[in-house]
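Chains A and B, in that order, are what the protein sequence lines are.
Using my numbering, read the first sequence as starting at 2 and increasing by one per residue.
Using my numbering, read the second sequence as starting at 2 and increasing by one per residue.
To be clear, the hints were calculated from the coordinates, so they are not data collected in a lab.
Bear in mind that the values here come from a model prediction, so they are computed numbers and not experimental data.
Certain hints may be false.
Because identical chains share one entry, a pair is satisfied inside a single copy or across any pair of copies.
Pairs of lysine-lysine, DSBU-like flavour, derived with a Cα cap of 30 Å [what the hints assert, rightly or not]: (1) K307 - K250; (2) K29 - K297; (3) K29 - K46; (4) K29 - K75; (5) K307 - K297; (6) K75 - K250; (7) K56 - K297.
There are 2 protein chains.
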Amino acid sequence: MAVYTEVSDDDLAAFIASYGLGTLVSYKGIAEGVENTNYLLQTSKGPYFLTLYEKRTSPADLPFFLGLMEHLAKAGLNCPTPVHDIDGQMLRTLAGRPAAIVTFLEGVWIRRPQVRHCQAVGEALAKLHLAGRGFDLTRANALGPTGWRPLYRNFADRAREISSELPDLIERELSALEAAWPAGLQQGIIHADLFPDNVFFLGERLSGLIDFYFACNDALAYDVAITLNAWCFESDYSFNVTKAQALLKGYQSVRPLSAAERHALPILARGAALRFLLTRAYDWLHTASDALVSRKDPMEYVRRLKFHCAVQSPADYGLEAAR
Amino acid sequence: MAVYTEVSDDDLAAFIASYGLGTLVSYKGIAEGVENTNYLLQTSKGPYFLTLYEKRTSPADLPFFLGLMEHLAKAGLNCPTPVHDIDGQMLRTLAGRPAAIVTFLEGVWIRRPQVRHCQAVGEALAKLHLAGRGFDLTRANALGPTGWRPLYRNFADRAREISSELPDLIERELSALEAAWPAGLQQGIIHADLFPDNVFFLGERLSGLIDFYFACNDALAYDVAITLNAWCFESDYSFNVTKAQALLKGYQSVRPLSAAERHALPILARGAALRFLLTRAYDWLHTASDALVSRKDPMEYVRRLKFHCAVQSPADYGLEAAR
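Build the full structure now, drawing on both the sequences and the hints.
In structure tokens, the structure reads:
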């Protein structure tokens, strides 16, 4: 929630010119996004989004992210697509940072999702999974199961500062999930961060998906599990099975889950909750409490994790029994 | 540089509807502005700016600020003008805050002003001073000479934390300026904060002025002195007399300064430097060093203040001798 890199009007005007986007009419730093610097540009050819990639985004991953957005857009998914400069490049340098311009996606994100939104996001997630086929770059999931223990080691000695139960809970979950993590599920491109602020609606219509900077190759059903965590808990942390049912119905209307995927859903959802618990706990301990960037409470994911641990079968997520 | 108040999509859609601005297409929190929360809206009728007024803006002043923008725009000045809702109101409430929608002003602010920009801003400032005539609300300048000593008292005991010379310097300047402050100069509406980020250009053309939230009634020449401080020092704090000359030439091409105003310019410029030194020092001591809102270095104004103290005559600002 900040502009990390200031760009001068002269530099920006020259940058825009090299894209053939006409003249610069206005640009405003956007307060959303904690990872990178984002500007909303108005040029004589319309609105665009400019992103300057900051430290937390690895430059080596940028061809994957930008190429993926272009691939998905060409495959018919509504998402921002990178603009090529007059030399054909998507990735350039501005103010000493890697930088790219992407098309502007209309829509607003839904602060209080309803059941109908969950169905639409399920459908869109499945479309993304299909659209990702044939993309020829790959990126390992750094925040998948093999990444969790190293991430935890970075703050294990301070986890108690968040909650006294946290060290035991995390150790137990790491062991349980490492032992039980399913292999052999269908792999593909996953979004890996499809929270409500990454899904735009225009009125009742889902207008598109944004923010592919956690996208990677992993089990498609794991992405479903992440999205269940992101959309189907109420603000009191209770699980709303009607929303989950709608999300899964929307998903399966485009891409039916296999029996193995259905069976794996509880453990995948538990893993997804742990993944967000770990990154939020890390950020919580490494962000000053009075910084203006808002810290997200890791304990929200302890609540989710406990729900998933108590689940008896995929039916608890509103999935009908595997046929 | 932050969004202080989050607004939900539902609340915003209802808010927009009461203005007859069509449907909401997009809204983004803007990172600029440290006082209030700003959103750039796209509606089916075009782009608009939404401001939610936070603690530091007194609700009692809002009719003055909004009425002034409307008055200035009607008088032909290029500036945002408040949009009236379908009941004719300019000031409403959103997310528990006073809120207003203003028109979107095209243009970008110049990060490295050149002489030609200074001439244009001088001209625009004089036009603002003429356009302000006939506006029937008034607002005292809380940050004028009578406000400086009370402001200093709030942090006098900590001023030494910024620089050991600061307490003596400020005490001496307060006494000198209180004794020498000119009376009887022409009064009117002043912008009082016309820094480069409040002046927009489209290419070489000045496209308008923004941010009237320090505007008040005071000596017009004091506004010229503030603007000289804001535009005519280089990044090494040296005074650029060519820029000052251009600014004053631009100003006088629209509204010639009186002999009394020319004569007063050095003391007014010194006062203006003290005013920004005081508010910056206050903010410096009251903002956490690791907050993401950027603190502005008060010592920059010590350098400016010392320049003004050494000035011998109005000619040092590039003013020809009074005729």
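Hint check results:
1. K307 - K250: Answer is within; shortest intra-copy Cα gap is 24 Å, inter-copy 71 Å.
2. K29 - K297: Cα proximity of K29 and K297: in one copy and across copies (25 Å, 20 Å).
3. K29 - K46: Both. Shortest intra-copy (16 Å) and inter-copy (20 Å) distances satisfy the 30 Å Cα cut-off.
4. K29 - K75: both (28 Å within a copy, 26 Å between copies)
5. K307 - K297: Intra 18 Å, inter 46 Å, cutoff 30 Å: intra-copy only.
6. K75 - K250: within (26 Å within a copy, 56 Å between copies)
7. K56 - K297: Answer is both; intra-copy 20 Å and inter-copy 24 Å each pass.
Going through the hint list in order, the structure satisfies each hint without exception.
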